[in-house]
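K.L.:
Chains as they are written, first to last, in this note's numbering: chain W, 27 to 173; chain H, 27 to 173; chain P, 27 to 173; chain A, 27 to 173; chain L, 27 to 173; chain E, 27 to 173.
I should point out that these hints are in silico values taken from the structure, not numbers from a laboratory. Given the structure is predicted, the values throughout are model-derived calculations rather than measurements. Careful: at least some of the hints might be erroneous.
As the list claims (entries may be wrong) - Straight-line C-alpha distance at most 30 Å; calculated BS3-like pairs for lysine-lysine:
#1 H:K84 with E:K31
#2 P:K66 with P:K84
#3 E:K74 with W:K159
#4 L:K74 with L:K159
#5 A:K31 with A:K48
#6 W:K159 with E:K84
#7 W:K74 with P:K66
#8 A:K48 with P:K31
#9 L:K31 with E:K48
#10 H:K31 with H:K48
#11 H:K84 with W:K48
#12 P:K159 with W:K66
#13 A:K61 with P:K159
#14 A:K61 with A:K84
#15 L:K31 with E:K74
#16 H:K66 with W:K31
#17 P:K66 with E:K159
#18 A:K84 with P:K48
#19 P:K74 with W:K74
Protein chains: 6
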Amino acid sequence: MTLSKERRIGRHATLLVLADDKTEQQDLIDRLPWKSCNGKVGSMDSQKVVAAIETAAKQTGVIQSGVYRETHALYHATMEALHGVTRGQVQLGSVLRTVGLRFAVVRGNPYESEQEGEWLAVALYGTIGAPVKGLEHETIGLGINHI
Amino acid sequence: MTLSKERRIGRHATLLVLADDKTEQQDLIDRLPWKSCNGKVGSMDSQKVVAAIETAAKQTGVIQSGVYRETHALYHATMEALHGVTRGQVQLGSVLRTVGLRFAVVRGNPYESEQEGEWLAVALYGTIGAPVKGLEHETIGLGINHI
Amino acid sequence: MTLSKERRIGRHATLLVLADDKTEQQDLIDRLPWKSCNGKVGSMDSQKVVAAIETAAKQTGVIQSGVYRETHALYHATMEALHGVTRGQVQLGSVLRTVGLRFAVVRGNPYESEQEGEWLAVALYGTIGAPVKGLEHETIGLGINHI
Amino acid sequence: MTLSKERRIGRHATLLVLADDKTEQQDLIDRLPWKSCNGKVGSMDSQKVVAAIETAAKQTGVIQSGVYRETHALYHATMEALHGVTRGQVQLGSVLRTVGLRFAVVRGNPYESEQEGEWLAVALYGTIGAPVKGLEHETIGLGINHI
Amino acid sequence: MTLSKERRIGRHATLLVLADDKTEQQDLIDRLPWKSCNGKVGSMDSQKVVAAIETAAKQTGVIQSGVYRETHALYHATMEALHGVTRGQVQLGSVLRTVGLRFAVVRGNPYESEQEGEWLAVALYGTIGAPVKGLEHETIGLGINHI
Amino acid sequence: MTLSKERRIGRHATLLVLADDKTEQQDLIDRLPWKSCNGKVGSMDSQKVVAAIETAAKQTGVIQSGVYRETHALYHATMEALHGVTRGQVQLGSVLRTVGLRFAVVRGNPYESEQEGEWLAVALYGTIGAPVKGLEHETIGLGINHI
Ligand SMILES: [Mg+2]
Ligand SMILES: [Mg+2]
Ligand SMILES: [Mg+2]
Ligand SMILES: [Mg+2]
Ligand SMILES: [Mg+2]
Ligand SMILES: [Mg+2]
Numbered sequence: 027m028t029l030s031k032e033r034r035i036g037r038h039a040t041l042l043v044l045a046d047d048k049t050e051q052q053d054l055i056d057r058l059p060w061k062s063c064n065g066k067v068g069s070m071d072s073q074k075v076v077a078a079i080e081t082a083a084k085q086t087g088v089i090q091s092g093v094y095r096e097t098h099a100l101y102h103a104t105m106e107a108l109h110g111v112t113r114g115q116v117q118l119g120s121v122l123r124t125v126g127l128r129f130a131v132v133r134g135n136p137y138e139s140e141q142e143g144e145w146l147a148v149a150l151y152g153t154i155g156a157p158v159k160g161l162e163h164e165t166i167g168l169g170i171n172h173i
Numbered sequence: 027m028t029l030s031k032e033r034r035i036g037r038h039a040t041l042l043v044l045a046d047d048k049t050e051q052q053d054l055i056d057r058l059p060w061k062s063c064n065g066k067v068g069s070m071d072s073q074k075v076v077a078a079i080e081t082a083a084k085q086t087g088v089i090q091s092g093v094y095r096e097t098h099a100l101y102h103a104t105m106e107a108l109h110g111v112t113r114g115q116v117q118l119g120s121v122l123r124t125v126g127l128r129f130a131v132v133r134g135n136p137y138e139s140e141q142e143g144e145w146l147a148v149a150l151y152g153t154i155g156a157p158v159k160g161l162e163h164e165t166i167g168l169g170i171n172h173i
Numbered sequence: 027m028t029l030s031k032e033r034r035i036g037r038h039a040t041l042l043v044l045a046d047d048k049t050e051q052q053d054l055i056d057r058l059p060w061k062s063c064n065g066k067v068g069s070m071d072s073q074k075v076v077a078a079i080e081t082a083a084k085q086t087g088v089i090q091s092g093v094y095r096e097t098h099a100l101y102h103a104t105m106e107a108l109h110g111v112t113r114g115q116v117q118l119g120s121v122l123r124t125v126g127l128r129f130a131v132v133r134g135n136p137y138e139s140e141q142e143g144e145w146l147a148v149a150l151y152g153t154i155g156a157p158v159k160g161l162e163h164e165t166i167g168l169g170i171n172h173i
Numbered sequence: 027m028t029l030s031k032e033r034r035i036g037r038h039a040t041l042l043v044l045a046d047d048k049t050e051q052q053d054l055i056d057r058l059p060w061k062s063c064n065g066k067v068g069s070m071d072s073q074k075v076v077a078a079i080e081t082a083a084k085q086t087g088v089i090q091s092g093v094y095r096e097t098h099a100l101y102h103a104t105m106e107a108l109h110g111v112t113r114g115q116v117q118l119g120s121v122l123r124t125v126g127l128r129f130a131v132v133r134g135n136p137y138e139s140e141q142e143g144e145w146l147a148v149a150l151y152g153t154i155g156a157p158v159k160g161l162e163h164e165t166i167g168l169g170i171n172h173i
Numbered sequence: 027m028t029l030s031k032e033r034r035i036g037r038h039a040t041l042l043v044l045a046d047d048k049t050e051q052q053d054l055i056d057r058l059p060w061k062s063c064n065g066k067v068g069s070m071d072s073q074k075v076v077a078a079i080e081t082a083a084k085q086t087g088v089i090q091s092g093v094y095r096e097t098h099a100l101y102h103a104t105m106e107a108l109h110g111v112t113r114g115q116v117q118l119g120s121v122l123r124t125v126g127l128r129f130a131v132v133r134g135n136p137y138e139s140e141q142e143g144e145w146l147a148v149a150l151y152g153t154i155g156a157p158v159k160g161l162e163h164e165t166i167g168l169g170i171n172h173i
Numbered sequence: 027m028t029l030s031k032e033r034r035i036g037r038h039a040t041l042l043v044l045a046d047d048k049t050e051q052q053d054l055i056d057r058l059p060w061k062s063c064n065g066k067v068g069s070m071d072s073q074k075v076v077a078a079i080e081t082a083a084k085q086t087g088v089i090q091s092g093v094y095r096e097t098h099a100l101y102h103a104t105m106e107a108l109h110g111v112t113r114g115q116v117q118l119g120s121v122l123r124t125v126g127l128r129f130a131v132v133r134g135n136p137y138e139s140e141q142e143g144e145w146l147a148v149a150l151y152g153t154i155g156a157p158v159k160g161l162e163h164e165t166i167g168l169g170i171n172h173i
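Isolated chain W (complex conformation):
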């Protein structure tokens, strides 16, 4: 059940959202038989963040649209990542703050053993703060789930 060093899926996803030029990190992921997508979302509505990630993951085929268990796995990974971003209450506009986030979803097998199957990593990186440009600091979140 050991995590493979080359296949630390959360590290891959986080390096992808941290990369200003994604080419190098994307290449590393593309060498693995994995699926991934990334994008940006900015909002005071937390549900828009959840929706943007789900939409991207479905449109790029990272998860299957017609299978609820895949949506469920992604939903909980996203919520876990949002805990890192919000640090206490998974709320944005209702506590007068907004986020500007890059997100990445990576799907692959991080463990040495084949039995462990596929897992999902959702990484978020960006800024959180008052709804005024500049009144913000960085924030990160990572959610990991089996799929």
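Using the hints provided, position chains H, P, A, L and E with the ligands relative to the given structure of chain W.
P.N.:
Below, chains H, P, A, L and E with the ligands without anything else, positioned relative to chain W:
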């Protein structure tokens, strides 16, 4: 109040904990007039994680031991980082899980304006899971505070 | 202060929301000198769930409309039940999920000792998930309060 | 992706923990190609509740001991059930309370579509209160996860 | 159901814990047909705070020892007050912090209408911080419940 | 690092929001080289509470508008105070409740040592309850932060 791209303190701290070879990332930080430290801690006791970070930050001079406001700034940044790691309840052993974490604390001025002064970033990366080797997945947390 | 086995109020309320045919369970409750009501509510707005339960409890006389302490007892029992339903953040639409719930409110004396007086149980059962039919799983919550 | 009425796995698990005589409900579950186990645990240590459920599920073969993804699925389902039991903070002894719980773990396919595969339900029912016999009321929790 | 200005029970309890000389505030409370007690507790164990308040309230007759509904009312009021003190996670030692608190429990009728009966206020005031003298700041909490 | 008894900033701020006639308490604060403001806000929208406090603190010069670190210090102090007011979930309208609050923000040096610099206290006092006049009880919150 704009965040300086080269001085994204949270990104620096996170890249440091993600780096298997820290040299390159440490060099980037050392080019700035900043202070930083890093280390490792593994425990089922959440207070030991908090203590390890505080001890390292004080021993390396990242924060001043004799000034409570610096301890206070670090404490809240650490707690915020632990929210990302624990994703819901800042508890380890009491919910039968353990962590093996690398940590980094970086202190510097991330904003263009001098008035914004110094800030602190606490980054955590490692694994969380059952107290059995291998029954674990990755986890990340980042806390940012003014100091 | 022992809980009476026949008067486990939370169990009664939960069996009522779980029953597809409520007759049998309702009969059991009706043999006790208790008050109860039940209904359904589906929404992405958590406040609508709270309001539906309060309205039903007041209209059926389970609690008295003009007495705040009764509203207060019901409110906290409802919030506790919502913790079971939402498991972490008492939020629905703001984290892009919706519920379809049956609810039951039961008021009675669950303890052997008369001194313990009346208590309230709020039980919830149904589904929670994405705002798309079928992308959902079951959920349960129970709140108990003295009244 | 519709939930099958006869295979509402959370309802099955909850009826099992609510049953004083488990025969009838166990028979209903045994007619399905499902796995299940149940037991009792009383403690002020929340980790003992988590451990008792995991141990029972592994010993009865409801989940496979050697596969982390199954332990992970059970862990999160258990934590979700504990949210219903604790309603706010997943803490027992540290806030001076104790639980006496029956638990059930059921594994099966609750959805009409085969693609949805297996899911896990963890149900908890019992009492929560001060560490003094009788100073307690009922409590329920249900966690559902894909496996 | 209007709150009586002279009988704002939470304000009375809070002024009592804030008073360095309690005589004047205690006199104001004693003019009302109310019961109250106060004391001090310092600990890293959150359960000791809960226990100290319960013990004082029972020994002074503010609540009846033999009646669970009174213990239940006090427990939830105490937990609500601890939310104000801990601001996020009701944890002390497990996140490496300690408290030194004065507490007050006041029982009386704060509403104009007699029907509203008795309520309970638990007020806490003191310091919270690292387990080192001086590395601490002030903290306050108030819980209100019907009894 | 000892807290000065005369300069307990949280106690000053709380006494100010508790005072029906603020003159005496305001005088005590005005004798210190401190800044303070106070006001009222009533809303079901939690963001309006946050905004009212920020606006008052900026308009009265308690914090500097153009410096993000001051807004950041105030934001976290306000969020901590809201934890005391909401006791579990920092939500108002979304769980069908409303607040009527007095607030005070005090900025000053509470510690004996000059090194500890300035701190901020945000105190809140008022009522919380159903959006119906009278269906409410008192609530208090206090947040403290270095600035
Ligand atoms: Mg996990
Ligand atoms: Mg912040
Ligand atoms: Mg209770
Ligand atoms: Mg789920
Ligand atoms: Mg209340
Ligand atoms: Mg603090």
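K.L.:
Each hint: holds or not?
P.N.:
We went through each hint and held it up to the structure:
no. : hint              : verdict
1   : H:K84 with E:K31  : holds (28 Å)
2   : P:K66 with P:K84  : holds (15 Å)
3   : E:K74 with W:K159 : holds (19 Å)
4   : L:K74 with L:K159 : holds (19 Å)
5   : A:K31 with A:K48  : holds (20 Å)
6   : W:K159 with E:K84 : holds (17 Å)
7   : W:K74 with P:K66  : holds (28 Å)
8   : A:K48 with P:K31  : holds (16 Å)
9   : L:K31 with E:K48  : holds (16 Å)
10  : H:K31 with H:K48  : holds (20 Å)
11  : H:K84 with W:K48  : violated (36 Å)
12  : P:K159 with W:K66 : holds (27 Å)
13  : A:K61 with P:K159 : holds (27 Å)
14  : A:K61 with A:K84  : holds (11 Å)
15  : L:K31 with E:K74  : holds (26 Å)
16  : H:K66 with W:K31  : holds (17 Å)
17  : P:K66 with E:K159 : holds (27 Å)
18  : A:K84 with P:K48  : violated (36 Å)
19  : P:K74 with W:K74  : holds (21 Å)
In the structure shown, a violation is registered for the earlier hints numbered 11, 18, in ascending order.
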